[in-house]
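*Asks:* For the record, the sequence lines run as chains A and B.
The working numbering numbers the first residue of the first sequence as 1 and each following residue consecutively.
The working numbering numbers the first residue of the second sequence as 1 and each following residue consecutively.
Taking lysine-lysine and the BS3-like style, the derived pairs with C-alpha atoms no more than 25 angstroms apart in a straight line are: (1) K279/B <-> K69/A; (2) K396/B <-> K612/B; (3) K17/B <-> K86/B; (4) K260/B <-> K273/B; (5) K17/B <-> K6/B; (6) K39/B <-> K69/A; (7) K630/B <-> K601/B; (8) K86/B <-> K56/B; (9) K279/B <-> K75/A.
For the chain A half of the interface with chain B, some residues (derived, Cβ under 10 angstroms), not all of them: (10) Q12; (11) T13; (12) V14; (13) F15; (14) L16; (15) D18; (16) S36; (17) L37; (18) H39; (19) N41; (20) A45; (21) Q48; (22) E49; (23) G56.
Some chain A residues judged to face chain B by a derived CB distance under 8 angstroms, without partners named: (24) I40; (25) F44; (26) Q53; (27) N57.
To be clear, the hints were calculated from the coordinates, so they are not data collected in a lab.
Built from N, CA and C at the ideal position, the CB exists for glycine as well.
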Amino acid sequence: MSTETRLNEVFQTVFLDDDLELSDDMTAADVDGWDSLAHINLMFAIEQEFGFQFPGNELAELPNIGALKAFIDSKTR
Amino acid sequence: MTASDKLAEAAALKREKNYQGAIAAYDAALANVEAPDEKTCLAVAQCHAGTGQKDKALDWLALLTRGGDDFPAWQAASGLLRKLLKDNPGLSAPHAKRTGRVWLTGSYTLAQLAPLLQLAALAVNVNIEVAVADYGQHRQDALSPDSQMYAFDPDVIVIALHHSDLERSVSDLSVQETVTEATQDVSMIWQSIRQNCKARILCTNIAAPLDEAFGHLSSRVPESRRTIIHAVNNDLARKANELGGVTLVDVEAISAQIGKRAWFDDRYWHLSKQGVSFKALPLLARHMAALIAAEFGLTKKCLVLDLDNTCWGGVIGEDGLAGIKIGQGDAKSEAFLAFQMAVKRLQQRGVILAVCSKNNDADAREPFEKHPDMVLKLDDFAMFVANWTNKAENIKHIAKTLNIGLDSLVFADDNPVERATVRELVPEVDVLPMPEDPAGYVRVLGDYLGFETVSYTREDANKTEQYRAKSRIAEMQATTASLPDFYKSLHMKAEIEPFNDFNMPRIVQLIGKSNQFNLTTYRYSEADIRDFMQQDGAVNLSLKLADKFTDHGLVSMIMARLVESAMDIHLWLMSCRVIGRTVEDALLGELCLQARAQGLKKLRGSYIPTAKNALVETKYADFGFDCIAKLDDGKTIWEYDIEKQGDISSPYIAVNTRVEA
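Just chain B, same shape as in the assembly (with noise of 0.2 angstroms):
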């Protein structure tokens, strides 16, 4: 029987509502299948729905989100995921790491992309609960306080732009006056949404229609509507960056991806105002989910390659030195050439890279170190693990050496064996589906949107060699007699200094995305830190740190307050790359001579467990807190007598404060 009979024998006992044979006969026909269509994976969703298996349902309507962007599918599948939700209150899907509140608002209809949203969501591991406004309901929203939008409570609010927009009044302004007009308009709605509320901002720029009445000359006129468009984005741009706190999708740049033909669709929009075609609708809200989740900090931060027919062409072991493809001259080594400078993109970026390969460690190595052609250097990974343990191993290994959770990796690798055992062991790592032919590679790279990101700090750039250093590290701390005598012959340096305009993003980014010294992982945005830094005695600290090997850069903070005449820890946590080094006794030590700065004699916290914060359970205990209360949801509250027990500090750290006491 072929594939197509296989496939069509399991949708006739899906029409017969032999759900359980549906689905047996599903997996006979899609067993190596690595990425099923996603009118297939929304029948076995349907069958899985119909037998009561709500987390297998789930689970196929994320697989659809991968599938293709046909969007009756798409439709179809958010219409079964909303089902699913409102007869099963409580469901959550299987791999959900967040949840908000999403509100969507612009300037066309977004009744259809909403749902839509939502089930791009899940495929990201973020649950969110979408209300939709009416079009053009978005400045009313936003100045008004008492708005249904702000009733709402959202976690993010999505504000859809659109062309017509700017043809308000066009004939009767000049064109730096229809550009700052504009501008201005939109900026306006993101500081009354950021006086008025604490969501987060997911704002489009503005997709450049298709007609263009000065044709080529556009771009030297400064009156045509594509330059005015160009100059409203690189407004809104700089405006975002100035507010911060705003992140831009950016619609100009995946209307061209996919086509402005595809992107628009005039009758549609003149029938229900659809700014964006049905068609492209399900590439939108991929890309909105991909900086949600972004948003909610869960970015991935490491890519994992392969190495023979994936880095480079051949067999290293086989084929030897001279004899692999990389390199200009044949079409095959320039694939690869092409896929190594895409990846090497990613690093410069911040994208941490590990190698992950089936070889002796030498003959691994040796590309690296003598042809003349890899763009990709060894100095370019965090971590080179080349032996013949089965890769799930190793890249449990990889993610436990760099400290950072499974669910952070992106796997590479040309063996679609190798693959489907990754997916099958380590299902948290996201698997690329890389074709048979190397020159596709940069293309399913370039799709990908788990590395998303919705901010760049310079601790980003330097990544690579911090994580290096940490691998190293590993190694050193293995050959040294005694931890102590290691820790200090790394002469570490903390700076601390309190929250300001500079450190502020990389706050942001480290309150979204720390799990593991994280002791009450609040989800704080930068308005809610703001806030918070306005509070009664409010203490608020970072650390920076340097050691011999590498520059850490920010990599640890507290927020605290004054509660009932003691210095009360509302937020403490550490970045996982400097575990073990007493960073959290520096930053204690300088938190109880804030405290009694303003007289108080006792340090306050709380622990409240997580699934992944488990590490720090017994933090407080471990510095002589008393614990004072426990609580049902388990909760643990701890007191530390400054007077009593005496200052905190670190014996390997040298401290620089740059606070005021």
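With the rest of the complex left out, here is chain A (with noise of 0.2 angstroms):
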């Protein structure tokens, strides 16, 4: 599966919504339930999904979903 893909079934599964499709432009603002409860949730999840760790809060870092797909692709290749 394609770091999108795999992705994408994080955000559905975080924010218990199947109908969620991510584009790259899109921000924490764009998605519904994205607080900072969520945000950290969230962050657990990718780790777990793709095996490696953000170093301190860099996920709130990042402006936007393409920007989080670069990161995963340049810590998992």
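Starting from the two chains in their separate frames, assemble the complex, guided by the hints.
*Replies:* Set out below in structure tokens:
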């Protein structure tokens, strides 16, 4: 499965929304329920799915989904 | 098609929102799967929620908690649970037996734990509503009578402690001062909760962190962090025993179980004060839920065991006494031996045992009587059922004879077909997921949390004997000519005394778990009971029963008080194991004497129907009480004129009273 598909499934699980479809220019503000609580749950779920650890609060620094995908690829390649 | 192909097909149908089709596909793929993993359970629950089958969705969410401890799956499942409950006011889990309000507070972020706790409670048949405080609020909340915590009116207050609590003043204080201060801090919180509300308290001890400056020397050095934490934990246990009504969650033990490297995650601690890693949260939630269930009186009572390939290797009817595998010498025999020893430890703690085996009775008994290496003996079992009837029927028979609910039975059998049959035909029974290799049996038993209990009393240690006496008596009853002769032959003796510090734990336990002989089924905490004891004209009687077979211990109690010039029976219950012995006559008789000593002429009592107490629906009528009111909710109110109708007494029980009239 591609990074995109796997990430999409992670988001669907964390936000409990089967209709959630990610796009590169999406930001936290575009996703319903992406608050500080969901943020930390999401961070854990991504780390577990892809098997790496975000340094500090790197996830919050990433501007959008496109940047997140690129970051994941850089960590897992 | 392989199983994983079938699952992929089901997932694809779910993505297309063909939920009906997906459910059918999941059913086909999971037909032979005993414990589907948590992610699959989540998907199936979502499909059922999608088709509006809410009860089924809840069943799958409950099943998910047994499938594994993946945090994202649990988090999503608890989100679905909350959504279902929110969208369907009044929806309750199909098997829920208790409901309660839980306030979660403590020294670290608990926002993630709260929904998981609700999910884990669902799986042990408790419907809870959870509210969570900001971390570090527990002191203020406990000390201030008008805090949000008390305004929430919780039934249970859960307090989660963290080792960082001890680091505030380590440098200024001596070791002893640190320990004393930490323990007093916590017990002060407990005490002020006790003064301000009636909630039960569930409090963790402290999990010692990984890093230890003194290393291997730490246990020999009083000022090492680990030694201090262990000292605090010991003191907390002592304080909890002194105070009563506090249940400790042993996180020092469960953090070791999952491994401290998994339990602690420093990144998440620094990022958002997660005192326990997400990886470990489902485990913590399951343990807390088990203890909440135990607080509510739902502890399982009886382990029902298969014999062949469960208690020993091989088939006694075919392999013979010398051929079965049990004892020292080879790995398989030792694995069965280890399992028997683990079962024996449970039995010694008060879990009652029963055999349910497809065998000829004589064959099944032979190893217990003749094999030198058996740890379990016939005397360890309250009931021994070996025949060729199906196990579902035999299990029902066991529950009926021991007079306990089917939902207090746990079943262990190596045969997956028997397990599936029992799950299907008697779904109230918890069925243990025994692995193929007997070496794994002990761990399955250790991981099972249904036997968790919040108290241990003398009555518990003696339980097998009491239940054995019961099945022996059932036999004797069948052979004695008349019931009166039989009861006389038992030489029953009762001792009636008021509630006191010594019998209080047992009284709290009985109030929590008595269902059948329970006229009003009020579930009171120790604090409620102590409040009641202060009321006008309050009479609290407890009764211990012994007969020629056994000492049954404290089996019945009445709480009554003065209401409108009558002795008003508020709570009256009796342990099922002595039903039919006229214990109620003896206790009611004492209440008559107490009422008259207060100058009262009447007894009054109410019956509130529940799903389980039909047994006592006519109890007051049987004693000649007049029904004076029938309320819309089914409650009936009864009165007895002592002066006109006379005192009540038991024809078979010699009563020794230790109550001042």
